[in-house]
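Chemist: Sequence:
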Amino acid sequence: MSTIITILIIAIIAALVIVGLKETIKHSKGEGACCGGGAMKEDEEATVQLTGEIVTRADVHIDGMHCMNCKNSVTRSLQKMSGVSADVDLKHGVAHVEATRELSDEEITFAIERLDFKVTGIERL
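Take the sequence shown: its position 3, counting from 1, is numbered 2 in numbering that gives the first Met the number 0, and each next residue is one higher.
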């Protein structure tokens with residue numbers, strides 16, 4: 000009887016480990032439903048179309064984005080700033096930022112890191 004219980008416990012633990020590994024793999028590929036508290040949001044946040052001369056261009060390298068919700072959060076946060084447009088590349092962890100005004104590294108960093116992502120570098124173009 001105790002052998003059957005032991006086998007059942009091992010089978011349950013194995014099943015939980017398998018499910019956990021599958022979800023971890025999905026999450027690391029950016030396919031899981033992280034950060035949004037539910038199903039992954041498939042719609043991309045629209046990139047703001049700027050009018051006027053582009054004064055600032057930068058590629059911002061970001062750690063910690065895993066899904067479309069992460070991408071959309073970063074896009075929204077950057078585009079809340081006046082005169083800023085952002086196109087976030089989730090796969091490469093880069094936000095391509097343009098602005099019709101001078102934009103400091105500190106402003107860009109604050110807009111991203113307040114969301115608990117990490118800015119690892121800013122390249123001015």
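A hint or two may mislead.
Pairs of lysine to any residue, SDA-like flavour, derived with a Cα cap of 25 angstroms [stated by the list, open to error]: (1) 90 x 47; (2) 117 x 11; (3) 79 x 47; (4) 90 x 52; (5) 117 x 91; (6) 21 x 1; (7) 79 x 109; (8) 21 x 57; (9) 79 x 21; (10) 79 x 121; (11) 21 x 2; (12) 90 x 50; (13) 117 x 55; (14) 21 x 58; (15) 79 x 11; (16) 117 x 17; (17) 21 x 45; (18) 117 x 50; (19) 79 x 101; (20) 117 x 51; (21) 90 x 80; (22) 117 x 52; (23) 79 x 49; (24) 79 x 48; (25) 21 x 48; (26) 117 x 103; (27) 79 x 24; (28) 79 x 63; (29) 21 x 11; (30) 90 x 68; (31) 79 x 56; (32) 90 x 51; (33) 21 x 49; (34) 21 x 47; (35) 21 x 105.
Simulated from the structure, these hints should not be mistaken for lab results.
Just so it is clear, the structure is predicted and the values come from calculations on it, not from any experiment.
Chemist: Next step is simple, just say for each hint if it's right about the structure.
Modeler: Structure-based check of all given hints:
Taking the CA atoms of residue 90 and residue 47, the gap is about 21 angstroms. The hint holds against a cut of 25 angstroms. A C-alpha spacing of about 38 angstroms is found between residue 117 and residue 11, which places the hinted pair above 25 angstroms, so the restraint is violated. The straight-line distance between the Cα atoms of residue 79 and residue 47 is roughly 10 angstroms, inside the 25 angstroms bound, and the hint therefore holds. For a cut-off of 25 angstroms, the pair hint linking residue 90 to residue 52 is broken: about 29 angstroms separates their Cα positions.
Proposed proximity of residue 117 and residue 91 is supported: the alpha carbons are some 14 angstroms apart, at most 25 angstroms. Restraint check for residue 21 and residue 1: the C-alpha separation of about 30 angstroms exceeds 25 angstroms, so the hint is violated. Restraint check for residue 79 and residue 109: satisfied, since their Cα atoms lie roughly 12 angstroms apart, inside the 25 angstroms limit. For a cut-off of 25 angstroms, the pair hint linking residue 21 to residue 57 is broken: about 36 angstroms separates their Cα positions.
Between residue 79 and residue 21 the CA atoms are separated by roughly 36 angstroms; this puts the pair beyond 25 angstroms, and the hint is violated. A distance of roughly 19 angstroms separates the Cα atoms of residue 79 and residue 121; the hinted pair therefore holds under the 25 angstroms criterion. Restraint check: the Cα-Cα separation between residue 21 and residue 2 comes to about 29 angstroms, which exceeds 25 angstroms; the hinted pair is violated. Only pairs whose Cα atoms come within 25 angstroms are accepted, and residue 90 paired with residue 50 is rejected, the gap being roughly 28 angstroms.
Taken as a hint, the residue 117 and residue 55 pair is honoured in the structure, with Cα atoms around 21 angstroms apart against an allowance of 25 angstroms. Simply put, residue 21 and residue 58 have alpha-carbon atoms about 33 angstroms apart, too far for the 25 angstroms limit, and the pair is violated. With a C-alpha separation of about 48 angstroms, the suggested pairing of residue 79 with residue 11 is violated against the 25 angstroms cut-off. For the hint linking residue 117 to residue 17, the alpha-carbon distance of about 30 angstroms lies beyond 25 angstroms, and the restraint is violated.
Between the alpha carbons of residue 21 and residue 45 the distance comes to roughly 31 angstroms, so the proposed pair goes past 25 angstroms and is violated. Between residue 117 and residue 50 the alpha-carbon distance is near 30 angstroms, which puts this suggested pair outside the 25 angstroms criterion. Our distance criterion of 25 angstroms between C-alpha atoms is met by residue 79 and residue 101, whose separation comes to about 15 angstroms. In summary, the hint linking residue 117 to residue 51 is not supported, as the alpha carbons are separated by about 30 angstroms, beyond the 25 angstroms threshold.
Annotation: proposed proximity of residue 90 to residue 80 holds, straight-line Cα distance about 24 angstroms (limit 25 angstroms). Of the supplied pair hints, the one linking residue 117 and residue 52 is violated, its CA atoms being roughly 29 angstroms apart against a limit of 25 angstroms. Taking the CA atoms of residue 79 and residue 49, the gap is about 13 angstroms. The hint holds against a cut of 25 angstroms. Of the supplied pair hints, the one linking residue 79 and residue 48 holds, its CA atoms being roughly 13 angstroms apart against a limit of 25 angstroms.
About 39 angstroms separates the Cα atoms of residue 21 and residue 48, which puts this hinted pair outside 25 angstroms; it is violated. Between residue 117 and residue 103 the alpha-carbon distance is near 16 angstroms, which keeps this suggested pair within the 25 angstroms criterion. The suggested pairing of residue 79 with residue 24 is violated, with an alpha-carbon distance near 33 angstroms, which exceeds 25 angstroms. Restraint check for residue 79 and residue 63: the C-alpha separation of about 20 angstroms stays at or below 25 angstroms, so the hint holds.
Taken as a hint, the residue 21 and residue 11 pair is honoured in the structure, with Cα atoms around 16 angstroms apart against an allowance of 25 angstroms. A C-alpha spacing of about 13 angstroms is found between residue 90 and residue 68, which places the hinted pair at or below 25 angstroms, so the restraint holds. Of the pairs offered as hints, the one joining residue 79 and residue 56 holds, with about 17 angstroms between alpha carbons and a cut-off of 25 angstroms not exceeded. Between residue 90 and residue 51 the alpha-carbon distance is near 30 angstroms, which puts this suggested pair outside the 25 angstroms criterion.
Restraint check: the Cα-Cα separation between residue 21 and residue 49 comes to about 41 angstroms, which exceeds 25 angstroms; the hinted pair is violated. A distance of roughly 36 angstroms separates the Cα atoms of residue 21 and residue 47; the hinted pair therefore is violated under the 25 angstroms criterion. Between residue 21 and residue 105, the direct Cα distance comes to roughly 38 angstroms. Violation of the 25 angstroms bound is thereby established for this hinted pair.
Checked against the numbered hints listed earlier, the structure breaks hints 2, 4, 6, 8, 9, 11, 12, 14, 15, 16, 17, 18, 20, 22, 25, 27, 32, 33, 34, 35; every other hint is satisfied.
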